[in-house]
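Trainee: Going down the list, the protein sequences come from chains A and B.
Using the numbering used here, read the first sequence as starting at 1 and increasing by one per residue.
Using the numbering used here, read the second sequence as starting at 1 and increasing by one per residue.
Derived by calculation from the structure, the hints in this document are not laboratory data.
Hints may be right or wrong, so weigh each one.
Any copy will do: because identical chains look the same in the list, a pair fits if it lies in one copy or spans two.
[What the hints assert, rightly or not] For lysine-lysine, the following DSSO-like pairs were computed, each having C-alpha atoms within a straight-line distance of at most 30 Å:
#1 K173 / K241
#2 K302 / K198
#3 K173 / K248
#4 K185 / K115
#5 K302 / K273
#6 K170 / K234
There are 2 protein chains.
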Amino acid sequence: MNIIIDAMGGDNAPAEILKGAAAAVREYGVLVTAVGDEAKMRAALVAEGVDAAGITLVHAPEQISMCDEPTAAIRHKKDSSMVVGLRMLAEGKGDAFVSAGSTGALLAGAMLIVKRLRGVKRPAIGTVIPGIEGPYLLLDSGANVECRPEMLNAFAVMGSVYMERVMGRKAPKVALVNNGAEETKGTPAYVQAHALMKANPRIHFAGNIEPRDIPAGAVDVVVCDGFTGNVILKLTEGLAKSLVGQIKNVFLASAKTKLAYLLVKGGMRDFKKMLDADEHGGALMMGVAKPVIKAHGSSNAKAFKNAIRQAKRCVDGNVVGAMAELLADAPEADA
Amino acid sequence: MNIIIDAMGGDNAPAEILKGAAAAVREYGVLVTAVGDEAKMRAALVAEGVDAAGITLVHAPEQISMCDEPTAAIRHKKDSSMVVGLRMLAEGKGDAFVSAGSTGALLAGAMLIVKRLRGVKRPAIGTVIPGIEGPYLLLDSGANVECRPEMLNAFAVMGSVYMERVMGRKAPKVALVNNGAEETKGTPAYVQAHALMKANPRIHFAGNIEPRDIPAGAVDVVVCDGFTGNVILKLTEGLAKSLVGQIKNVFLASAKTKLAYLLVKGGMRDFKKMLDADEHGGALMMGVAKPVIKAHGSSNAKAFKNAIRQAKRCVDGNVVGAMAELLADAPEADA
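With the hints as extra help, turn the sequences into a complete structure.
Mentor: So, in structure tokens, the structure goes:
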């Protein structure tokens with residue numbers, strides 16, 4: 001298996017990206033094609049003492065920044081690491097593409113270069129979020145600020161395939177985010193989406209989920225529009241960070257509390273690990289015709305390695321093929 | 001000052017409601033008119049040994065339950081504690097009304113019986129939420145699942161008045177929830193709301209706030225539609241509860257970790273107090289012509305006492321009068 005990576009995307013590119021790639025080669029037995037500025041990639045490999053076995057470098061002199069307007073960047077920066085990498089994926093020169101670069105550009109590039117699955121009007125970003133009872137998948141976590149009911153219904157199908165094939169959940173439970181359990185709750189689009197999902201034989205629909213119950217991880221797939229999904233994703237991150245910071249302050253207060261920390265260190269480490277989004281890699285662009293994965297912009301080597309592991313699991317499980325099959329005979333998804 | 005209360009609303013009515021009322025009479029020097037089933041109220045006062053000095057009982061035999069359809073309940077249950085209490089408020093027989101009953105019914109009743117301020121199409125629910133740097137006001141936290149830009153702009157004005165007059169914030173900072181800092185972010189309604197708020201001389205607009213930054217409490221007033229607000233409110237509650245539960249597990253793991261807990265007990269108590277929504281009382285129905293406050297459905301005596309304190313502060317600060325003044329010459333709020 002050959003995973004194409006954007007070696008220039010993200011806050012810590014190219015050094016951490018390449019270190020993560022080298023670790024993925026060793027641990028998962030994949031081959032990696034690293035696309036980026038060749039001189040910079042070589043310099044980073046030498047500076048970090050990275051063993052480049054299994055990594056092929058492909059030169060792409062341009063770079064898309066976080067400030068570039070997404071669609072314009074994809075159209076005009078033809079020699080950027082992201083565009084070259086996506087083109088290689090579209091041409092079958094690799095099995096998946098992973099980037100820690102601009103989410104907007106990656107989404108636009110995936111749609112323009114790799115294309116969508118039939119039945120998908122707009123891809124969604126599916127993010128795995130740590131939950132108390134285990135991680136859950138949130139989609140759309142930010143691609144589409146407004147979603148029609150048919151889109152939400154398609155997200156439910158794609159999310160189920162992902163949780164089953166990548167995360168190994170049997171008969172994954174799907175719920176629709178809403179401000180109450182009754183099927184009449186929410187905006188007209190949510191009421192309609194509820195009806196579509198309830199009638200959808202391809203998913204295991206658990207009804208509406210109230211936001212209070214999301215963090216526990218009681219369901220496997222949490223469906224909502226991208227505006228709401230962005231709120232859930234970012235508020236979860238922000239709140240977990242704030243609370244962990246507050247608890248740290250409690251332990252730093254005095255010599256006595258510092259001693260207490262030594263006594264609970266192991267448990268607190270497990271607790272922080274549970275909250276660590278890096279453990280779960282990146283976000284799959286769901287509805288794109290081949291696996292395109294967005295790693296977190298602040299990815300370090302470990303996070304990027306995990307995003308490659310996720311790409312490998314998507315390929316191993318033929319996730320995109322299974323989504324294509326289930327969506328092809330669901331014409332309403334493109335209504 | 002005379003605060004009218006719904007003695008039958010909420011999970012712990014009437015006992016905890018009346019205990020909270022008696023504490024409020026003692027601590028804040030207010031008078032309370034308790035509306036509800038007189039026999040049940042008297043029995044609760046006796047059973048709990050509550051000193052009823054300062055509390056006047058008004059008999060209202062009917063009760064609105066959480067299962068009643070809100071508007072129908074208000075129209076048909078004329079002798080319910082909620083309807084009788086709201087009517088007394090409308091007729092000037094008290095200065096504010098506090099209920100821990102059904103949010104939907106209270107909202108419908110406030111609109112139908114107490115009426116709206118000029119310039120307000122639909123009232124919003126304003127909830128004070130604990131933040132790391134201090135509490136902030138979230139509105140709309142659940143009344144209107146869809147909001148037009150003019151409504152969001154009116155919420156900004158009302159929220160500012162509240163934070164200034166009730167919470168004592170000078171020049172309160174207002175922000176619009178959005179999925180990015182740029183003024184072009186979000187749905188068309190949010191883009192327009194941003195423009196209206198930016199041009200509004202009555203508020204101190206700090207631009208968009210990303211959900212990640214909300215828990216810190218960096219701004220005083222957080223404005224969004226009620227669907228998003230419900231997600232923020234309930235996800236914050238659920239996540240805080242889940243994380244506190246996890247930390248508790250860390251401390252319960254062994255004799256060693258239990259010892260650690262003894263060493264940090266004080267700090268953890270302060271931490272939990274910071275997260276305690278009961279500290280901040282209830283939610284003001286913003287845009288109603290007189291102060292109507294929704295206490296949490298699960299209110300205990302302390303939470304209900306604090307909701308009465310909040311009602312007193314609203315009356316003391318003439319919050320509704322100030323809102324009326326600022327909204328009266330803003331015709332766009334009712335566009």
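Trainee: With reference to the structure, classify each hint as holding or not holding.
Mentor: Hint check results:
| no. | hint | verdict |
| --- | --- | --- |
| 1 | K173 / K241 | both (28 Å within a copy, 23 Å between copies) |
| 2 | K302 / K198 | neither (39 Å within a copy, 42 Å between copies) |
| 3 | K173 / K248 | between (35 Å within a copy, 28 Å between copies) |
| 4 | K185 / K115 | between (34 Å within a copy, 25 Å between copies) |
| 5 | K302 / K273 | within (13 Å within a copy, 36 Å between copies) |
| 6 | K170 / K234 | both (28 Å within a copy, 28 Å between copies) |
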